[in-house]
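Peer 1: Starting from the given sequences, assemble the full structure and let the hints guide the process.
So the chains spell out like this:
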Amino acid sequence: MALYLTRRLLTLIPAWIGVTLLAFMFVHSIPGGPFDTGAVRPPATRAILESHYHLDRSLPVQYVLYMKNVVTGDLGESIVQPGLRVSTVLTQRFPTSAELGGAALLVALGIGVPAGLLAATKRNQLLDRVVMVGATIGYAIPNFILSILFILVVGLDLRLLPLGGWGRPSQVVLPALALGLPWASFVARLTRGTVIGTLEQDYIRTARAKGAGPARVLVQHAFRNALMPITTVTALLIAELITGSLVIESIFSIPGMGQYLTNSVLGSDYTMTLGLIIFYATLLFAANVVVDLLYVWLDPRIRY
Amino acid sequence: MRRELLFSIAGVLAVAAATATTARTTTTASGTLRIAITGAPDPFDPALLGDNRSIELAQNVYEGVLGVNDQAQIVPAVAKSYTVSASGLVYTFHLRRNVRFQNGDPVTARDFAYTYNRSLLPATASGTSFFLADIKGADAVLNGKAKTATGIKAVDAYTLRITLAHKAGYFAAEISRWPAWVVDSKVIAKDGKGWIAPGKNIGSGAYRLTGQVGDSQYTFSANPTYYLGAPSVKQVKVSAVGDSTAAVARYQAGEFDAVVGLSAAAILQVKANPTLRSQFHSTPIERTVWLAMNNKKPPFDNKLVRQAFNAAIDKNAIIKIALAGVGTPANAWLPPGIPGNVNAQHSASTYDVSRARDLLAKAGYPGGKGFPSVALHYGINYGEYAQVYELIQAQLQKNLGIKVGLKELPINAFNTEVDNKKTRPLLWGYTFGFDYPDAQELTEYLGIGSAPYNYEGYTNARYDALIAKANADSNQKRRAQLYAQAENIRLADAPIVPLYFVNQNWLVKPNVSGFGYSPLYMHPWRQVTIH
Numbered sequence: 001m002a003l004y005l006t007r008r009l010l011t012l013i014p015a016w017i018g019v020t021l022l023a024f025m026f027v028h029s030i031p032g033g034p035f036d037t038g039a040v041r042p043p044a045t046r047a048i049l050e051s052h053y054h055l056d057r058s059l060p061v062q063y064v065l066y067m068k069n070v071v072t073g074d075l076g077e078s079i080v081q082p083g084l085r086v087s088t089v090l091t092q093r094f095p096t097s098a099e100l101g102g103a104a105l106l107v108a109l110g111i112g113v114p115a116g117l118l119a120a121t122k123r124n125q126l127l128d129r130v131v132m133v134g135a136t137i138g139y140a141i142p143n144f145i146l147s148i149l150f151i152l153v154v155g156l157d158l159r160l161l162p163l164g165g166w167g168r169p170s171q172v173v174l175p176a177l178a179l180g181l182p183w184a185s186f187v188a189r190l191t192r193g194t195v196i197g198t199l200e201q202d203y204i205r206t207a208r209a210k211g212a213g214p215a216r217v218l219v220q221h222a223f224r225n226a227l228m229p230i231t232t233v234t235a236l237l238i239a240e241l242i243t244g245s246l247v248i249e250s251i252f253s254i255p256g257m258g259q260y261l262t263n264s265v266l267g268s269d270y271t272m273t274l275g276l277i278i279f280y281a282t283l284l285f286a287a288n289v290v291v292d293l294l295y296v297w298l299d300p301r302i303r304y
Numbered sequence: 001m002r003r004e005l006l007f008s009i010a011g012v013l014a015v016a017a018a019t020a021t022t023a024r025t026t027t028t029a030s031g032t033l034r035i036a037i038t039g040a041p042d043p044f045d046p047a048l049l050g051d052n053r054s055i056e057l058a059q060n061v062y063e064g065v066l067g068v069n070d071q072a073q074i075v076p077a078v079a080k081s082y083t084v085s086a087s088g089l090v091y092t093f094h095l096r097r098n099v100r101f102q103n104g105d106p107v108t109a110r111d112f113a114y115t116y117n118r119s120l121l122p123a124t125a126s127g128t129s130f131f132l133a134d135i136k137g138a139d140a141v142l143n144g145k146a147k148t149a150t151g152i153k154a155v156d157a158y159t160l161r162i163t164l165a166h167k168a169g170y171f172a173a174e175i176s177r178w179p180a181w182v183v184d185s186k187v188i189a190k191d192g193k194g195w196i197a198p199g200k201n202i203g204s205g206a207y208r209l210t211g212q213v214g215d216s217q218y219t220f221s222a223n224p225t226y227y228l229g230a231p232s233v234k235q236v237k238v239s240a241v242g243d244s245t246a247a248v249a250r251y252q253a254g255e256f257d258a259v260v261g262l263s264a265a266a267i268l269q270v271k272a273n274p275t276l277r278s279q280f281h282s283t284p285i286e287r288t289v290w291l292a293m294n295n296k297k298p299p300f301d302n303k304l305v306r307q308a309f310n311a312a313i314d315k316n317a318i319i320k321i322a323l324a325g326v327g328t329p330a331n332a333w334l335p336p337g338i339p340g341n342v343n344a345q346h347s348a349s350t351y352d353v354s355r356a357r358d359l360l361a362k363a364g365y366p367g368g369k370g371f372p373s374v375a376l377h378y379g380i381n382y383g384e385y386a387q388v389y390e391l392i393q394a395q396l397q398k399n400l401g402i403k404v405g406l407k408e409l410p411i412n413a414f415n416t417e418v419d420n421k422k423t424r425p426l427l428w429g430y431t432f433g434f435d436y437p438d439a440q441e442l443t444e445y446l447g448i449g450s451a452p453y454n455y456e457g458y459t460n461a462r463y464d465a466l467i468a469k470a471n472a473d474s475n476q477k478r479r480a481q482l483y484a485q486a487e488n489i490r491l492a493d494a495p496i497v498p499l500y501f502v503n504q505n506w507l508v509k510p511n512v513s514g515f516g517y518s519p520l521y522m523h524p525w526r527q528v529t530i531h
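Heads up: the protein sequence lines correspond to chains A and B, in order. Here the numbering used here is used: the first residue of the first sequence is 1, the next is one more, and so on. Here the numbering used here is used: the first residue of the second sequence is 1, the next is one more, and so on.
Any given hint might turn out to be false.
To be verified - Subject to a maximum C-alpha distance of 30 Å in a straight line, what follows is the list of computed DSSO-like cross-link-like pairs (lysine-lysine):
1. Lys153/B x Lys68/A
2. Lys68/A x Lys147/B
3. Lys153/B x Lys186/B
Simulated from the structure, these hints should not be mistaken for laboratory data. Quick caveat, the model's predicted, so the values are computed rather than measured.
Peer 2: Here you go:
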């Protein structure tokens with residue numbers, strides 16, 4: 001196990017360097033640099049700025065200069081918003097996106113898993129049909145439509161919850177639902193499918209034959225095995241949800257990462273875009289390692 | 001994709017706004033003004049400011065020797081008066097003696113000298129250091145050869161003498177702007193780059209940045225020792241929102257006292273609701289949008305073609321349809337409010353379809369026959385831009401029989417394309433907003449033959465000579481006349497199609513007075529009162 005972990009972490013190093021290199025090449029291949037915003041300035045001023053940010057150097061030199069800072073933990077400063085440190089953006093905006101993404105994940109799993117289990121046990125009965133039709137509709141409605149419906153009905157008409165903004169717990173509810181519900185539908189379908197598949201296995205029949213009740217069979221025997229694909233999807237969902245949602249953040253005026261990342265890419269803010277990508281890559285690498293370790297706990301057959 | 005999406009969202013919200021009749025009454029905390037702006041502002045270091053939404057917040061925290069009033073005129077600020085030598089080269093500023101930084105330090109001529117040199121230093125990396133580049137010795141500082149410019153001198157604690165390298169009649173306008181807003185050297189020496197954090201951040205203005213949540217919530221508190229007296233509004237809370245249509249809904253719910261920077265979509269939403277409509281305001285700002293033509297290449301090297309395009313485009317229709325009715329038709333390049341503008345002289349609409357067709361026929365393309373294939377390029381900038389160019393496309397087809405393609409690019413990619421001679425399109429949409437209220441900025445950087453951003457390739461020796469003369473003159477009245485003369489020469493050559501002057505649009509509750517926009521920026525908050 002310890003050996004596996006060490007080996008796993010060591011292989012991550014070249015992967016991580018590869019990500020930084022790809023990201024670097026990617027941001028520099030976008031047409032238009034950070035000073036092509038249309039702001040009028042004499043060529044001499046532009047030259048001073050380019051030299052300040054090393055943009056007058058060759059790309060390999062720029063990469064080395066940049067990575068030198070990164071490995072010491074310094075992600076640098078925005079080129080487009082001078083004075084704004086990448087670390088500041090991360091500490092200010094990432095918690096927001098993580099909070100929203102976490103809440104949406106709770107919605108996705110908290111609604112999706114029980115609904116899927118329920119549907120699986122009542123297979124082909126009315127309840128199953130209702131849940132599955134609901135899930136299909138839920139998955140088919142884009143989250144921005146859902147957001148608008150929430151704003152109109154819950155926010156403007158009923159005035160139950162705030163229309164947007166961030167900072168109070170009540171402001172988390174609508175965007176988390178809008179972001180999480182389509183995924184809840186997805187998780188419900190997935191759970192139903194895998195649980196039904198598991199319930200047909202021989203060992204379930206054995207468990208039943210040994211006298212285990214339906215609830216015990218479902219939760220202890222079937223669900224535990226069904227957890228494998230759900231765990232895999234959850235890991236992907238975490239990546240999907242915490243990187244921030246441009247649409248949801250725009251509609252609900254949430255100061256998260258989604259808008260910021262989009263704007264920094266569009267504005268060719270090299271240091272900012274790279275810093276954010278490297279941060280996320282590191283985070284997702286870590287999440288993958290955690291999921292690998294979870295597999296061991298979930299499935300005793302897996303040994304590293 | 002995002003634009004269409006937000007448009008559709010705006011459409012639905014517009015319906016909501018129109019039907020929401022149960023709007024709550026405002027519950028303003030006494031003495032607090034709550035403003036929603038679109039997009040997060042930059043850090044508040046005056047040397048590094050760049051975009052308007054940051055500048056119009058920071059102008060409440062910092063001040064220069066001179067300032068700009070609500071009519072976009074240059075007026076004394078920290079200086080109570082100033083003189084210009086007969087040569088036009090030496091500016092002497094006499095500072096008020098009762099101005100203090102918000103930490104109690106007196107504001108002296110030495111602080112201004114420090115501020116100017118700091119903005120010029122390459123290590124500061126100010127994108128607008130060129131506002132101070134006309135000062136003698138500024139070049140040496142910009143090139144890293146000197147730490148201080150020889151032309152900046154604190155004669156005594158309250159007298160600042162600036163010597164210019166050459167005559168520059170626009171210098172007073174330049175020095176009224178942010179790279180010249182005074183900062184406290186002691187504060188910067190103590191806190192380094194961290195000095196811009198709320199609480200540490202020190203200026204000499206009427207408000208101080210006292211709180212910040214992430215980069216979406218800013219609290220500014222009134223400076224009780226401000227030299228013109230403590231402001232009436234004790235606290236200003238600024239919320240940076242992602243989308244102005246959503247901000248309007250929250251304004252309706254009583255969360256904000258004012259929303260600025262409304263998009264065309266948000267304005268439609270506002271106009272659908274009688275209450276909102278009565279709280280809606282709009283005023284022209286000093287920004288021109290025009291259709292640029294590559295004067296160096298056929299078919300636009302032919303003046304008749306350029307004139308035909310000028311007569312074929314219905315600017316009123318653009319404003320009505322694409323801009324939700326807010327904007328001013330542009331019949332000149334310099335916007336109203338900039339000395340030397342001649343828009344009023346050309347106020348009769350230039351839209352004349354039969355004249356446009358005649359001109360095009362004379363140019364050799366009767367009914368558009370034989371006209372080369374042309375694509376109109378534009379940057380994805382504001383939501384409404386695409387609609388503007390779609391309308392122009394339709395008008396050229398209908399009025400001249402010319403089929404024009406459209407190409408939309410991300411703004412930085414678009415600017416790179418236009419900047420490169422090899423990829424420069426034949427026809428493109430372009431815009432310029434003034435940083436300081438002087439015709440020199442637009443004409444010197446975009447107008448004259450040698451201008452770095454003269455992408456149209458327009459050259460006229462008479463125009464260039466008049467601009468050079470106007471730039472050097474220090475008599476403001478004479479300068480305005482020279483710019484006007486030059487502008488008329490340029491308009492007769494029709495290098496571009498001026499489209500419209502942009503309006504700033506905002507909502508403000510009826511119990512707030514003094515809030516609004518000047519042609520350049522938001523009114524200073526010290527002018528605001530809440531009833």
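Peer 1: Run the distance test for Lys68/A versus Lys147/B: straight-line Cα separation, threshold 30 Å.
Peer 2: Holds, because 29 Å separates the two Cα atoms, which is no more than 30 Å.
Peer 1: Would the pair Lys153/B and Lys186/B pass a check requiring their Cα atoms to be no farther apart than 30 Å?
Peer 2: Holds, at roughly 19 Å.
Peer 1: Do the alpha carbons of Lys153/B and Lys68/A lie within 30 Å of each other, as the hint requires?
Peer 2: Not OK: Lys153/B and Lys68/A at ~41 Å, beyond 30 Å, violated.
Of the numbered hints stated above, the single one contradicted by the structure is hint 1.
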